[in-house]
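Protein chains in written order, with the numbering used here: chain B, 1 to 139; chain S, 1 to 136.
None of these hints come from the bench; they were simulated from the model. Worth double-checking, as some hints may not be accurate.
Claimed, not checked - Derived DSSO-like pairs: lysine-lysine, alpha-carbon spacing no greater than 30 angstroms straight-line:
| id | chain 1 | residue 1 | chain 2 | residue 2 |
| --- | --- | --- | --- | --- |
| 1 | S | Lys74 | B | Lys110 |
| 2 | S | Lys75 | B | Lys110 |
| 3 | B | Lys8 | S | Lys29 |
| 4 | S | Lys29 | B | Lys3 |
| 5 | S | Lys70 | B | Lys8 |
| 6 | B | Lys18 | B | Lys110 |
| 7 | B | Lys110 | S | Lys13 |
| 8 | B | Lys15 | S | Lys70 |
| 9 | S | Lys29 | B | Lys2 |
| 10 | S | Lys70 | B | Lys110 |
| 11 | S | Lys29 | B | Lys11 |
| 12 | S | Lys132 | S | Lys74 |
| 13 | S | Lys13 | B | Lys11 |
| 14 | B | Lys18 | B | Lys8 |
| 15 | S | Lys13 | B | Lys18 |
| 16 | B | Lys110 | B | Lys11 |
| 17 | B | Lys15 | B | Lys110 |
| 18 | B | Lys2 | B | Lys18 |
| 19 | S | Lys135 | S | Lys74 |
| 20 | B | Lys82 | S | Lys13 |
| 21 | S | Lys132 | B | Lys11 |
| 22 | S | Lys132 | S | Lys73 |
The structure presented is a predicted model; accordingly, all values stated were derived computationally and were not measured.
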Amino acid sequence: MKKNILQKVMKGTLKELKFLLPIFFAASVVGVLIEQYLPASTFDLVIGKNIFWAIPAAVMIGIVFPIPRYATYPIAFALFVKGVGYGIIFALISGEVIGESIVRDVIELKYLGWRFFVARFAFSIVFITLGGYAIEWIL
Amino acid sequence: MDILSTSLISFLKVLPVLLGAVLLSQFAKLFIHEKSIKKHIHDNGRGVMISTAVGISTPGPLLAYLPILKVLKKKGVAISAIGSFVTGQTLIGPGRLILEISYFGPLFFFLRVILAFLIGICVGWSFHLLNKVVKF
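Chain B extracted, bound-state conformation (with noise of 0.2 angstroms):
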């Protein structure tokens, strides 16, 4: 029985890794050339100065992007040591999972209709981004 369990949970495990170690990989080269080349100065641009806009604009980064599971981190890790502040790497994460992939999303519509779908991400935007100026004034 517990033979059986874990030869369950290791089957399930290396087809998990088999999917995500490839793309975690990229992931961490995407997290490196952040780091490395993208001066902080960019995202005092583009996200750091207005809040307001920044962590809306967050959520909808981590929506259209196609960016899989457990893979943000290594992005937003990156963007947090150039100084994003902690709202925005909260609205980016949950942006990404609420929206993680065209395939999911794809057979969502299929399984609960086109307007679960579409409240459902009109209703996560609008409380995420308020859950991201929440964080932003709590940290």
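Using the hints, position chain S against chain B.
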């Protein structure tokens, strides 16, 4: 070449954490069953809070839960409960715990869980209101 080696070092540093996160989510996937999710999604106000909490604690991709959510929706589970479950499930997952803490610290993760819970409730509540004028 320098970028590749720096990326490889950065990748290898996070690899054990990633491995731990994937292993944790695989274990949770085995021990948290569909039946327990069904049991906790009710058609009432409290259901929104419970479905958000259940969504937050369930591992794996949302894709795995979509078929059962369709069945629950057809069987009359409130759209508010489904909306809050999906929101909680997508925003936080057990597999993210180790990874997120290692990058941004426990306080950030704790706040993200609290906010995910509140966001899930707000989304569920919004669905409840919208359901009065729009048929889902």
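Comparing the hints with the structure gives:
1. Taking the CA atoms of S:Lys74 and B:Lys110, the gap is near 14 angstroms; set against the 30 angstroms cutoff, the hint holds.
2. For the given pair, S:Lys75 sits about 17 angstroms from B:Lys110 by alpha-carbon distance, which is consistent with the 30 angstroms threshold.
3. In summary, the hint linking B:Lys8 to S:Lys29 is supported, as the alpha carbons are separated by about 10 angstroms, within the 30 angstroms threshold.
4. Only pairs whose Cα atoms come within 30 angstroms are accepted, and S:Lys29 paired with B:Lys3 is accepted, the gap being roughly 16 angstroms.
5. Between the alpha carbons of S:Lys70 and B:Lys8 the distance comes to roughly 27 angstroms, so the proposed pair stays at or under 30 angstroms and holds.
6. For the hint pairing B:Lys18 with B:Lys110, the CA-to-CA distance comes to about 27 angstroms; that is within 30 angstroms, so the pair holds.
7. At roughly 39 angstroms between alpha-carbon atoms, B:Lys110 and S:Lys13 are farther apart than 30 angstroms, so this suggested pair is violated.
8. Distance restraint check for B:Lys15 and S:Lys70: the Cα-Cα separation of roughly 26 angstroms lies within the 30 angstroms cut-off, and the hinted pair is therefore satisfied.
9. Pair hint S:Lys29 plus B:Lys2 holds up; C-alpha atoms about 15 angstroms apart against a cutoff of 30 angstroms.
10. Among the hinted pairs, S:Lys70 with B:Lys110 is consistent with the structure: their alpha-carbon atoms are about 9 angstroms apart, no more than 30 angstroms.
11. For the hint pairing S:Lys29 with B:Lys11, the CA-to-CA distance comes to about 13 angstroms; that is within 30 angstroms, so the pair holds.
12. Annotation: proposed proximity of S:Lys132 to S:Lys74 holds, straight-line Cα distance about 18 angstroms (limit 30 angstroms).
13. For a cut-off of 30 angstroms, the pair hint linking S:Lys13 to B:Lys11 stands: about 23 angstroms separates their Cα positions.
14. For the proposed pair B:Lys18 and B:Lys8, the alpha carbon gap of about 15 angstroms is at most 30 angstroms, so the pair holds.
15. Straight-line distance between C-alpha atoms of S:Lys13 and B:Lys18 comes to about 18 angstroms, which keeps the hinted pair within the 30 angstroms bound.
16. A hinted pair counts as satisfied when its Cα atoms are at most 30 angstroms apart, and B:Lys110 with B:Lys11 qualifies at roughly 29 angstroms.
17. Using a Cα cut-off of 30 angstroms, the hinted pair B:Lys15 and B:Lys110 holds, with the two alpha carbons roughly 25 angstroms apart.
18. Taking the CA atoms of B:Lys2 and B:Lys18, the gap is about 24 angstroms. The hint holds against a cut of 30 angstroms.
19. Between S:Lys135 and S:Lys74 the CA atoms are separated by roughly 13 angstroms; this keeps the pair inside 30 angstroms, and the hint holds.
20. Distance restraint check for B:Lys82 and S:Lys13: the Cα-Cα separation of roughly 20 angstroms lies within the 30 angstroms cut-off, and the hinted pair is therefore satisfied.
21. The hinted pair formed by S:Lys132 and B:Lys11 fails the criterion: a straight-line CA distance of about 46 angstroms is larger than 30 angstroms.
22. Taking the CA atoms of S:Lys132 and S:Lys73, the gap is about 16 angstroms. The hint holds against a cut of 30 angstroms.
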